[in-house]
Amino acid sequence: MAVSVIERVRTQRPLIHHITNSVVMNFTANGLLAFGGSPIMANATQEVADVTRLSQGLLLNIGTLHEEQVKAMILAGKAANQIGIPIVFDPVGAPATRYRSDACQRILQEVTPTVIKGNAGELAHLIGLNVETQGVDSTGAADSEAIVRLVAEKYQTGAVCTGEQDVGCIDGDVFVNETGHPLLAQITGSGCLLGSLLTASLAVEGSPKEKVLATLSHYGRAAEQAAGQPDVKGPGTFIPRFVDALARGEEA
Amino acid sequence: MAVSVIERVRTQRPLIHHITNSVVMNFTANGLLAFGGSPIMANATQEVADVTRLSQGLLLNIGTLHEEQVKAMILAGKAANQIGIPIVFDPVGAPATRYRSDACQRILQEVTPTVIKGNAGELAHLIGLNVETQGVDSTGAADSEAIVRLVAEKYQTGAVCTGEQDVGCIDGDVFVNETGHPLLAQITGSGCLLGSLLTASLAVEGSPKEKVLATLSHYGRAAEQAAGQPDVKGPGTFIPRFVDALARGEEA
Amino acid sequence: MAVSVIERVRTQRPLIHHITNSVVMNFTANGLLAFGGSPIMANATQEVADVTRLSQGLLLNIGTLHEEQVKAMILAGKAANQIGIPIVFDPVGAPATRYRSDACQRILQEVTPTVIKGNAGELAHLIGLNVETQGVDSTGAADSEAIVRLVAEKYQTGAVCTGEQDVGCIDGDVFVNETGHPLLAQITGSGCLLGSLLTASLAVEGSPKEKVLATLSHYGRAAEQAAGQPDVKGPGTFIPRFVDALARGEEA
Numbered sequence: 022m023a024v025s026v027i028e029r030v031r032t033q034r035p036l037i038h039h040i041t042n043s044v045v046m047n048f049t050a051n052g053l054l055a056f057g058g059s060p061i062m063a064n065a066t067q068e069v070a071d072v073t074r075l076s077q078g079l080l081l082n083i084g085t086l087h088e089e090q091v092k093a094m095i096l097a098g099k100a101a102n103q104i105g106i107p108i109v110f111d112p113v114g115a116p117a118t119r120y121r122s123d124a125c126q127r128i129l130q131e132v133t134p135t136v137i138k139g140n141a142g143e144l145a146h147l148i149g150l151n152v153e154t155q156g157v158d159s160t161g162a163a164d165s166e167a168i169v170r171l172v173a174e175k176y177q178t179g180a181v182c183t184g185e186q187d188v189g190c191i192d193g194d195v196f197v198n199e200t201g202h203p204l205l206a207q208i209t210g211s212g213c214l215l216g217s218l219l220t221a222s223l224a225v226e227g228s229p230k231e232k233v234l235a236t237l238s239h240y241g242r243a244a245e246q247a248a249g250q251p252d253v254k255g256p257g258t259f260i261p262r263f264v265d266a267l268a269r270g271e272e273a
Numbered sequence: 022m023a024v025s026v027i028e029r030v031r032t033q034r035p036l037i038h039h040i041t042n043s044v045v046m047n048f049t050a051n052g053l054l055a056f057g058g059s060p061i062m063a064n065a066t067q068e069v070a071d072v073t074r075l076s077q078g079l080l081l082n083i084g085t086l087h088e089e090q091v092k093a094m095i096l097a098g099k100a101a102n103q104i105g106i107p108i109v110f111d112p113v114g115a116p117a118t119r120y121r122s123d124a125c126q127r128i129l130q131e132v133t134p135t136v137i138k139g140n141a142g143e144l145a146h147l148i149g150l151n152v153e154t155q156g157v158d159s160t161g162a163a164d165s166e167a168i169v170r171l172v173a174e175k176y177q178t179g180a181v182c183t184g185e186q187d188v189g190c191i192d193g194d195v196f197v198n199e200t201g202h203p204l205l206a207q208i209t210g211s212g213c214l215l216g217s218l219l220t221a222s223l224a225v226e227g228s229p230k231e232k233v234l235a236t237l238s239h240y241g242r243a244a245e246q247a248a249g250q251p252d253v254k255g256p257g258t259f260i261p262r263f264v265d266a267l268a269r270g271e272e273a
Numbered sequence: 022m023a024v025s026v027i028e029r030v031r032t033q034r035p036l037i038h039h040i041t042n043s044v045v046m047n048f049t050a051n052g053l054l055a056f057g058g059s060p061i062m063a064n065a066t067q068e069v070a071d072v073t074r075l076s077q078g079l080l081l082n083i084g085t086l087h088e089e090q091v092k093a094m095i096l097a098g099k100a101a102n103q104i105g106i107p108i109v110f111d112p113v114g115a116p117a118t119r120y121r122s123d124a125c126q127r128i129l130q131e132v133t134p135t136v137i138k139g140n141a142g143e144l145a146h147l148i149g150l151n152v153e154t155q156g157v158d159s160t161g162a163a164d165s166e167a168i169v170r171l172v173a174e175k176y177q178t179g180a181v182c183t184g185e186q187d188v189g190c191i192d193g194d195v196f197v198n199e200t201g202h203p204l205l206a207q208i209t210g211s212g213c214l215l216g217s218l219l220t221a222s223l224a225v226e227g228s229p230k231e232k233v234l235a236t237l238s239h240y241g242r243a244a245e246q247a248a249g250q251p252d253v254k255g256p257g258t259f260i261p262r263f264v265d266a267l268a269r270g271e272e273a
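Chains as they are written, first to last, in the numbering used here: chain A, 22 to 273; chain B, 22 to 273; chain C, 22 to 273.
Source of the hints: derived by calculation from the structure; they are not laboratory data. Virtual Cβ for every residue (Gly too), placed ideally from N, Cα, C. Misleading hints may appear alongside valid ones.
From the structure, some residues in chain B lie toward chain C, with a derived Cβ separation under 7 angstroms [claimed, not checked]:
(1) Thr32
(2) Ser43
(3) Ala65
(4) Asp71
(5) Ser238
(6) Pro261
(7) Ala268
Make a model of the complete structure from these sequences and hints.
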């Protein structure tokens, strides 16, 4: 099952429009290319709707948000909703400031994502809860399950809560992914890249739950494979091998 | 012949002002440093003309264009034309949106590049043709030759069309480069970096054709060398070795 | 002594708010994570003061300055001064243009950094001197000592002048660090990353001089260790091993 989702991405190479934070643009583009998708990144309000209409999926990530970008996200998101392509929304740091929190609401009032993806603190914030995620992430799978159910219900979307275990809720079904590696938490942008890969998977045919689970599983296994390479000695040497592993077959 | 161009870059270390897209800034800066040039990247309209006047070359790349950046490119481009330093213009994604297409015309009406560099679809768009470049790049060298001749004539510049074979047209002479490796297409920003290296080569003494050809050849051979390293297993591990290879001598 | 500073960073994982240039954001974030700190990067004037108030330190780096960012730096800097967290100011390219030079003065009139960090040319410019730093950096340690003393006195801060030897002045004490490796000058953003690590060290307990010296020493030794790895063949392969080395213990 999982093989077919990733293979479909590689065959179709869906073009994914990213409006994402400036810290992770390069890593995201290289990671998505390795995974099998095709990245395009455009922010200007004059062209974002046109770029979205050329694309097969849209990723919205608020990590380095500013006013022009909020406008661009709403324009692109509306265009994506109109033409019926999937949107993944990543509310990076939503609980950190009033500005980010409000921007999430402004975007979610006008745009309907296919999947909202974040860590427990970010998703909890979207449903009015306050979860402490600094330091050791103490949110267990049981809490994550409640959170994704509530997010999915409130926003009428799919939801994916990343963590030691990833917990998803698509069409009312809750599921857990247990692949992954601690080195993912020691590099910047690993969660942001996952959002990009999820968008690419959602852009090909198949059941949404199958596509999300296959992507989470492939992503975590790629990290495990990379971390196990004998010449990986830390986060710096992990990154290039993780990108390589994303490009490999699931059977590897 | 080729040796001397690259050696001149390494000796003179030309300072190249980049107004480029935010996806590739880091990779471009590291690649140009390895090649032998010295990167500076400034976007503020208040200072771009001053930065250009300190520089020996100017790269304009529209990959993540916005209005302030169009203004900055025109200010910097006019300053470069005034002091007579080379400009490379890279119309990334020009056919994708009306906004990009119009921005190219706005820039090219006020700025005269030394070389316009792009893939077949981008260059064809600048001369009013429509070439499909999604999927397998089916544009052969014969088509590319026609395209670079027409771009060079219309804009009174040099032109370089990248692809499986790179085809250039400088001062009416058409030439082909056949070095390169498919991994270049699996990483983000390889074409953008080439634009930066071409600017650096054009900034040192020598015939423009010789400098462009030497740079295309060195770039492609660096990719071949990097791809042939036994510890390169995919696009992730290719990147650091490609940067290393750019720093090596041409004889290597 | 040095061990304890780095260990304190790793235990406390201080959250460092970066307003920095777009060339180095990804590398800085990965380098700081490896060192033991926790990066956050936000630029919007609507939220920078809030982000600073959540943080344990603030880095201001003007490498790709624009007007909105100057405003953001002043807002964040004032917030940092109010709550008493350390600020490192990195006047990248200050002598290059009138705009940058003026922006430094606008920021330094409203914000009091804990440490101003730059190369000899940048620091000299802040005290009205003109030092040529293009090409071989001929500034000796004696000149650097005079420069850091004058910067520290004029702006009532600590000062760190990077170069073949790094020279610091904290609370009137001048000190020299001699660790380091020439490959640091062949990659982009090495100085920018050092500013981030200094901010993280200043955010934990200890004497400022001890913390700055320990960080300079650890940084330079990490570069030496990375450069000495047998599979490092140039700047490209140096980068991942340098990030790994930042994550290692000082005894290594």
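Here's how the hints hold up against the structure:
no.: 1; hint: Thr32; verdict: violated, 11 angstroms
no.: 2; hint: Ser43; verdict: holds, 5 angstroms
no.: 3; hint: Ala65; verdict: holds, 4 angstroms
no.: 4; hint: Asp71; verdict: holds, 4 angstroms
no.: 5; hint: Ser238; verdict: violated, 19 angstroms
no.: 6; hint: Pro261; verdict: holds, 4 angstroms
no.: 7; hint: Ala268; verdict: holds, 5 angstroms
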